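> Residues per chain are reported as follows:
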Amino acid sequence: MDINELGHFSNPSLLILSSLAGGEKHGYAMMEDIYNMTGVRLGAGTLYGAITRLEQAGLIEALPMGDRRRPYRLTAQGAAVLHQALAELEKFAGLGLKRLATT
Amino acid sequence: MIRSLRPWLTRLYPRAWRDRYEVEFNALLEQCLNSPLDILDILLGAVDAHVLLFSGEPLTWRMLNMLNKIRTSILIVFAAYIGFVVAGFALVGMADDSPMIALTNANPILLAAWTIIQVCSAVALLAVVIGGLPLAITVIRRALTATHQGLGLLLVPVFAFLALVLYIFFILAVGSGHIHLKGVVEAVQPGVFPPGNRLIMVGLMAIFGIGALASTLAVWKVVSHTDIEQETFQAIRRNLTVRIYNFAFWPAVVTTLAMLIMLVATIFWGSLAFASLPGVFTGNFGPWGTGTQPWFIGITLLMTVCTFAAFLGLKRVRSGERSV
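Chains as they are written, first to last, in the numbering used here: chain A, 1 to 103; chain B, 1 to 324.
For the record, the hints were derived by calculation from the structure and aren't laboratory data. Here the structure is a predicted model, which means the values were calculated and not measured. Ideal Cβ positions, reconstructed from N, Cα and C, are used throughout, including at glycine. Mixed in with the good hints there might be a few duds.
To list a few chain B residues with every Cβ distance to chain A over 12 Å, as calculated [unchecked claim]: (1) G45; (2) L52; (3) L103; (4) A122; (5) P134; (6) L153; (7) L172; (8) S271; (9) F274.
Each pair of labels, with its calculated beta carbon distance range [unchecked claim]: (10) A:E24 - B:L155: 54 to 60 Å; (11) B:G175 - A:G66: 48 to 54 Å; (12) B:R11 - A:Q56: 37 to 43 Å; (13) B:L155 - A:Q84: 50 to 56 Å; (14) A:V40 - B:R3: 22 to 28 Å; (15) A:A21 - B:S4: 33 to 39 Å; (16) B:Q293 - A:P64: 55 to 61 Å; (17) B:R11 - A:L63: 22 to 28 Å; (18) A:E24 - B:A214: 37 to 43 Å; (19) A:L63 - B:L166: 40 to 46 Å.
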């Protein structure tokens, strides 16, 4: 079974925040980066649905548009939220691995 | 086949969403719209955007909606003003070719009404220029930078004006005898229009009317697709930040009131002038020798419709502001 089927990396918002943690990117660059990181290919509708929410929540911010592509970057608040989410994932992953080791 | 669906798919999203994301979203779809699954994903995204819009939670959405409403309302006033200008030119053209101007100059009441029309037309023009200047500068600036989006549309009024000027030069050349055309006379007697001269005047009205319509539609489209709320201008030694549509509101009020006064003054002037010269009203002093009566009724009808539309536009601005 592919790990993606378990839904570990299916949260588009988390994927986008993680992608932008590596630097500012426009939509297509985010899609490619997320695919390279996780093997998940987000659809355009899903990607922009998440971008809309993240921007409204102030977790990412839009930069001036160039050649019809608008890059986005992580805000300080977005970085903090991503850090917290990944820390929780790490904690959860550690716990799961520990339980697996004892079985 | 799938790629040809792109413009239709984007239109499924709410207008407020498209105003913010349409350009970049379309650029993305050019690269990644390949399969029916992509279409399904976009359809779900459109539903999601509508749900997000109507959930009432994010203030930004409601503000975008309000902005759209105010923008459309200001554009309605602008389009109504252009329609009124067309009617005004038709009125002046009709009066110029009739004995009404001589009567107006001889009668103080008629002269006062005609002067009010002229003063109000200047006031309305000034208000449109003042209210529209920040918007025009911003739209042109945006069109000239980055995406060049809307640049072609902004050239429509320029070409329409050039076409009108060229045609007027052509008429002047015919009138002065520099160009000779079969069936066209150089000097037209009042009320007597040879078919050739009539055709030239039809051409003038067509160029003016089509130019005004095309220019209004082009400006409407480019403004409604330009993402503007406020803009900072470099004034002398300081930055001036203008909330574009709020700034345009009071000039729009002045324009609308000027239109109303002009409408009333036109009806008053026409009624009095035609009562003094009934032969003119029942005569043929309309363009290319057509009846005065239907033209005057048509002109006042167009002015009434435009004034009414402008008032509706102003009412929408206020309701847009209250919706936040």
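> Hint by hint, note whether the structure agrees.
Structure-based check of each hint:
With 12 Å as the threshold on Cβ separation, the claim that G45 (chain B) sits away from chain A is violated: the shortest Cβ distance comes to roughly 2 Å. Distance check on L52 (chain B): its Cβ comes as close as 7 Å (rounded) to a Cβ of chain A, failing to clear the 12 Å threshold; non-interface status is violated. Every CB of chain A lies more than 12 Å from the CB of L103 (chain B), the least distance being 60 Å, so the non-interface label holds. Non-interface call for A122 (chain B) relative to chain A: holds, since the shortest CB-CB distance, roughly 40 Å, exceeds 12 Å.
The beta carbon of P134 (chain B) sits about 20 Å from the closest Cβ of chain A, which is more than 12 Å, so the claim that it is off the interface holds. Even its closest Cβ contact with chain A, about 16 Å, leaves L153 (chain B) beyond 12 Å, as expected for a residue assigned away from the interface. With a minimum CB-CB distance of about 45 Å to chain A, L172 (chain B) clears the 12 Å threshold, and the non-interface call stands. No beta-carbon of chain A comes within 12 Å of the beta-carbon of S271 (chain B); the shortest separation is about 56 Å.
No Cβ of chain A approaches the Cβ of F274 (chain B) within 12 Å, the least distance being about 58 Å, so the stated non-interface status holds. Range check, E24 (chain A) to L155 (chain B): Cβ separation about 34 Å, and the 54 to 60 Å hint is violated. G175 (chain B) and G66 (chain A) have their C-beta atoms about 53 Å apart, which keeps the hinted 48 to 54 Å range intact. For the pair R11 (chain B) and Q56 (chain A), the beta carbons lie near 22 Å from each other, so the given range of 37 to 43 Å is not met.
Evaluation of the 50 to 56 Å hint for L155 (chain B) and Q84 (chain A) yields a pass: the beta carbon distance comes to about 52 Å. The hint said 22 to 28 Å for the Cβ distance between V40 (chain A) and R3 (chain B), and at roughly 23 Å that hint holds. In this structure the hint that A21 (chain A) and S4 (chain B) lie 33 to 39 Å apart at CB holds, the actual value being about 37 Å. A beta carbon spacing of about 58 Å between Q293 (chain B) and P64 (chain A) agrees with the range 55 to 61 Å that was offered as a hint.
One distance hint, 22 to 28 Å for the beta-carbon pair R11 (chain B) and L63 (chain A), holds here, with the actual separation near 26 Å. In this structure, E24 (chain A) and A214 (chain B) meet the distance hint of 37 to 43 Å, their C-beta atoms being roughly 40 Å apart. For L63 (chain A) paired with L166 (chain B), a C-beta distance near 44 Å keeps the hint of 40 to 46 Å intact.
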